[in-house]
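A.B. asks: The primary structure of each chain is shown beneath.
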Amino acid sequence: MSNVFIAFQRNEETRDIVDAIVEDNPAAHVDLQPAMVKIDAPGHLVIKRQSIEDRMGRTFDLQELQVHLITLSGHLDENDDEFSLSWAN
Amino acid sequence: MATKAIADYRFPPADSQDKFHGAQLLYVGWDHHTMFCAPFCWPFPPEMRFGDLVEDVFPGAFGYHPEFARIDWATTTWLKSGAPFVPDFDKSLAGNGLRHKDVLRFVTPGLHGLSGSGA
Amino acid sequence: MSMTDHQRLGLKERYALMTRDLAWDTTYQPMDKVFPMVHYEGIKIHDWDQWSDPFRMTMEAYWKYQAEKERKLYAIIDAFAQNNGHLGVTDARYINTLKLFLTGISPLEYMAHRGFTHVGRQLPGAGPRVACLMQALDEIRHAQTQVHSMSNYNKYYNGFHDFAHMIERVWYLSVPRSFFDDAYTAGPFEFMIAIGFSFEYVLTNLLFVPFISGAAYNGDMGAMTFGFSAQSDEARHMTLGLESIKFMLEQDPDNLPIVQRWIDKWTWRGTRVLAIVAMMMDYMLPKKVMSWKEAWEIYFEQNGSALFNDLARYGITPPKCIEWAAVDKEHISHQAWATLYQYGAAAPFHTWSPTPEELDWLSEKYPNTFDKYYRPRYEYWAEQHKAGNRFYNTTLPMLCQVCQIPMLFTEPTDPTQICYRESDYKEDKYHFCSDFCKEIFDNEPEKYVQAWLPVHQIYQGNCFNPDVDPTAPGFEPLPAVLDYYHLAAGRDNLDFEGSEDQKNFAAWRNLAGRD
Amino acid sequence: MSIDLRTVAITPLRNTFDHIASRFGDKPASRYQEGSYRLQAENNFHYRPTWAPHYEIFDKHRSALVMDDWYSFKDPRQFYYGTYTLNRARMQETAEGAFSFVEQRGLADTFDPEAKALALEILLPLRHVAWGSNTNNAFISAYGYGTTFTQPCLYQAMDQLGIAQYLTRLGLLVGGVGSVAVARVAWMDDPKWQGVRRLVEDMFVVEDPFELFVAQNFAFDGLLYPLVYRNFDAAIIAKGGPTISMLLRFQEDWFTETSKWVDAFMTTASTESSQNSKLVAGWVTDWVARSADALEAVADAALDQGAAALAPIRDALSERAAKCGAGQ
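Top line first, the protein sequences correspond to chains A, B, C and D.
Sequential numbering from 50 applies to the first sequence in my numbering.
Sequential numbering from 39 applies to the second sequence in my numbering.
Sequential numbering from 20 applies to the third sequence in my numbering.
Sequential numbering from 5 applies to the fourth sequence in my numbering.
The set of hints was computed from the structure by calculation and includes no laboratory data.
Glycine included, each C-beta is placed from N, C-alpha and C at the ideal position.
One should not assume that every hint holds.
Taking CB as the label site, the calculated pair distances span [claimed, not checked]:
(1) A:M105 / D:G182: 36 to 44 Å
(2) C:E383 / B:G154: 50 to 58 Å
(3) D:A185 / C:G61: 34 to 42 Å
(4) D:Q82 / C:E32: 52 to 60 Å
(5) B:F49 / D:Q82: 35 to 43 Å
(6) D:Y59 / C:Q403: 45 to 53 Å
(7) C:Q69 / B:F49: 55 to 63 Å
(8) B:P50 / D:D30: 35 to 43 Å
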């Protein structure tokens with residue numbers, strides 16, 4: 050199965066985002082690089098609004114991910130509650 | 039295959055011979071000597087003697103290579119567009135059948151580049 | 020009641036009302052006259068409504084989040100300039116990567132801006148049009164943030180000073196420029212694959228992720244910020260490129276061979292341009308993050324195979340050129356740097372011999388190729404340089420008619436043999452660096468016969484300033500060409516050793532009590 | 005050893021890029037200047053567009069307007085992406101405040117039903133008009149020449165998309181999804197909108213980018229915005245109070261701001277030469293007349309005084325044209 054991935058700039062806010070992703074995606078692998086954190090996962094990865102809000106203690110609009118995002122790979126599906134990446138193979 | 043376009047799409051080639059003020063382009067590369075990163079390109083008059091290319095032009099272009107001085111031109115073989123080619127040094131470029139944008143390669147037996155690396 | 024309506028709408032439905040529902044099929048003017056460019060490439064679209072929007076940002080959200088990015092970005096650019104951040108980079112050699120960036124990449128960002136504006140006007144589907152126009156807006160952002168970030172470097176270092184002039188003239192800059200001109204002059208659908216797929220998915224991912232991570236590692240917070248900030252937009256752009264491919268393939272089976280040919284062509288075009296990024300990573304970053312080969316494996320091979328496996332369900336097969344590229348990944352950075360090193364008198368940035376430690380790093384990262392094929396030339400040149408005989412090649416190279424790179428690439432089966440390919444078309448011969456550049460030419464000769472090849476243009480006499488008389492006795496063409504490039508000879512070019520950049524950087528750092 | 009790079013005073017080798025220095029002198033340049041001038045390629049294009057083989061990639065000959073220097077056009081707002089986006093984010097915040105205020109207090113539900121119906125009838129089809137302007141400004145930005153001319157046209161295109169989306173939001177909030185659908189049918193079929201729709205579609209096939217600039221941004225918007233966002237807005241306030249007007253704030257502020265930019269470009273083009281002045285004046289005459297005709301039926305439906313309201317707006321626009329050097 051192919052990996053999907055997403056990468057963020059490393060800063061205070063993305064720490065919470067990455068923690069939320071790791072908890073929601075047990076198969077995810079986190080790779081820390083200079084100024085950047087890259088998360089790979091086999092086939093599928095989901096980012097849940099609720100999980101991020103639980104950590105940040107405030108409301109979070111998934112479109113705020115745009116501010117920290119560096120790159121991603123996989124088909125994207127986005128709704129009010131979830132932002133997911135997947136490959137169909 | 040034709041270029042798909044919304045209307046007629048034909049243009050004069052940017053590098054036809056008439057644009058080179060009487061010269062024609064010639065490309066020359068030295069096989070297995072990649073220290074010179076790519077073959078060279080020159081505009082020469084078609085009537086230039088082939089021997090002048092080797093004797094007058096090559097030293098300035100290839101001379102930096104320590105093996106250049108050791109080339110034995112008598113055993114050097116040539117290729118034109120990848121096919122064997124035997125130049126007559128005393129004839130002109132045109133007399134040797136060279137036309138605009140022809141490409142020549144020469145192979146120097148026994149010389150294998152810097153430390154035998156092909157460079 | 021109205022409010023419940025409002026609240027019931029999910030993101031998708033709401034976004035559809037905010038975009039595609041705004042458009043209509045014209046009746047007072049025929050649709051074919053309003054959208055005249057949509058048929059000639061042969062792509063068949065039956066229902067634009069089947070387009071699925073990858074990201075769903077309204078203008079309100081766009082302004083809000085992009086403004087936040089801009090605030091952060093300019094705060095860092097300002098701080099970097101005010102604090103002389105340029106003196107904090109690892110080594111002044113690093114700054115030369117930025118010269119390549121500003122002269123070779125930023126003008127392409129501008130072209131992407133105009134290209135997506137054009138395609139955003141021409142596609143009849145409202146979904147892709149909005150996505151294209153938003154990308155057009157992002158792309159002018161990238162051009163401008165790059166110019167603004169590097170503006171401060173321009174004040175203190177040579178080689179940045181006339182980037183807009185140079186991209187139109189300097190020999191190796193015709194490589195990235197012709198890449199983009201090729202995409203721009205293609206039809207709107209091909210453009211989407213060329214830029215949406217090749218440029219965004221293949222090229223910028225490699226440039227903006229591992230390279231920019233390297234810039235951060237070398238202390239350049241300015242470049243890191245514009246790079247990562249740009250790439251956050253690219254994530255949207257990549258999904259647009261991917262969606263475009265899927266959409267064309269789903270609309271009609273007749274689209275498959277056309278799309279396949281474009282994927283093959285643009286994967287190769289992108290791969291060739293990346294030779295520049297390869298040498299930036301392996302040779303120009305004083306502190307290394309990863310080798311070009313490693314970056315290629317992660318961001319092209321793994322990511323690309325995931326994509327091609329995914330597209331297999333539509334009948335797409337991986338481009339043939341991938342196998343050739345897999346061989347090339349162990350060679351191209353060394354070959355490209357050797358080229359710029361030897362033609363370093365004609366390039367507006369500095370080149371240098373790798374240090375012994377760097378040679379060892381290259382041996383370690385390229386165990387199959389470096390010691391066998393490349394170390395000898397770099398050691399020989401370093402020796403010669405020490406002896407006062409630095410290698411400057413002053414004879415102009417033969418260029419590939421399509422990618423316009425000097426014919427420096429070797430046969431996949433023999434790294435000591437330059438690869439020659441040629442085609443005859445009408446009266447003339449045309450030469451190529453590879454099977455794939457030849458195939459691209461053979462498919463569309465009428466396009467590539469127009470190419471403005473810098474070497475040929477010099478020989479036609481088109482690369483001298485108007486007041487120059489090439490027939491005057493004692494005329495020296497090469498200095499005249501450098502004048503035409505606006506290249507300040509002795510300042511912008513030649514080896515890093517002994518350069519004004521090197522001296523200034525050392526002196527300024529000394530003032531700061533560093534080193 | 006302590007490191008303090010900030011304390012180092014070093015003299016720059018140069019203040020700005022060569023192309024900026026040759027235009028403005030070697031002094032520190034603004035971000036607008038460095039981010040705009042000479043960014044568009046001008047020389048040595050590699051290939052002709054397959055979609056327009058008779059033109060270069062960027063080609064001055066696409067317009068009948070003749071400029072010695074297309075970079076004479078200068079945006080008085082000096083918008084580059086950063087300043088543009090920050091400015092619009094502030095306007096967006098204001099608009100967001102108004103929408104939240106109306107939404108949270110349920111003000112739309114208590115709005116006078118007759119005034120509400122009229123507001124929806126007139127405002128919602130304008131979503132499509134704004135979309136038309138997005139299309140046209142994208143055209144000008146794509147095929148115009150020189151970044152200082154083309155750059156603000158893309159901003160204008162995106163603003164108009166934003167306006168279409170604000171109008172959609174207004175519809176959803178005040179009238180619900182159904183009202184948006186009804187307006188769409190009216191746009192396609194209702195006789196009072198057909199003049200405007202025909203005009204917008206006619207603009208879609210104009211091929212000269214500067215003519216289209218005059219038609220869309222000066223002539224048509226120059227009549228539409230005062231008619232709708234001043235006269236009609238006032239009429240709705242009179243009939244039902246300020247709620248709906250609050251939701252139009254963005255457009256009102258926006259028109260005031262962008263008109264200054266439009267006039268600056270009209271002036272630069274017209275004052276370049278008497279030929280240009282004549283050309284632009286001709287486009288003004290033609291497109292103002294056609295726009296006024298198209299808007300008559302809408303004005304009739306929108307205002308008690310009907311199409312008569314257009315006459316003073318048209319006079320004011322003629323004055324604007326005269327001030328720009330494009331008067332008759």
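A.B. asks: So the hint says 34 to 42 Å: do the beta-carbon atoms of A185 (chain D) and G61 (chain C) match that?
C.D. replies: Holds - the Cβ-Cβ distance for A185 (chain D) and G61 (chain C), about 36 Å, lies within 34 to 42 Å.
A.B. asks: Q82 (chain D) and E32 (chain C), beta-carbon distance inside 52 to 60 Å?
C.D. replies: 39 Å, violated
A.B. asks: So the hint says 55 to 63 Å: do the beta-carbon atoms of Q69 (chain C) and F49 (chain B) match that?
C.D. replies: Distance hint for Q69 (chain C), F49 (chain B) is violated at roughly 38 Å.
A.B. asks: Taking 36 to 44 Å as the hint, is the beta-carbon distance of M105 (chain A) and G182 (chain D) inside that range?
C.D. replies: 38 Å Cβ-Cβ, so the 36 to 44 Å window holds.
A.B. asks: State, for the Cβ atoms of F49 (chain B) and Q82 (chain D), whether the hinted interval 35 to 43 Å holds or is violated.
C.D. replies: 40 Å, holds
A.B. asks: Determine whether the Cβ-Cβ distance between P50 (chain B) and D30 (chain D) falls within the hinted range of 35 to 43 Å.
C.D. replies: Holds, at about 42 Å.
A.B. asks: Is the gap between the beta carbons of Y59 (chain D) and Q403 (chain C) within 45 to 53 Å?
C.D. replies: Roughly 50 Å apart at Cβ, these two residues keep to the hinted range, so it holds.
A.B. asks: Taking 50 to 58 Å as the stated bounds, is the beta-carbon spacing between E383 (chain C) and G154 (chain B) within them?
C.D. replies: 22 Å, violated
Consistency with the previously given hints fails for numbers 2, 4 and 7, ordered from lowest to highest.
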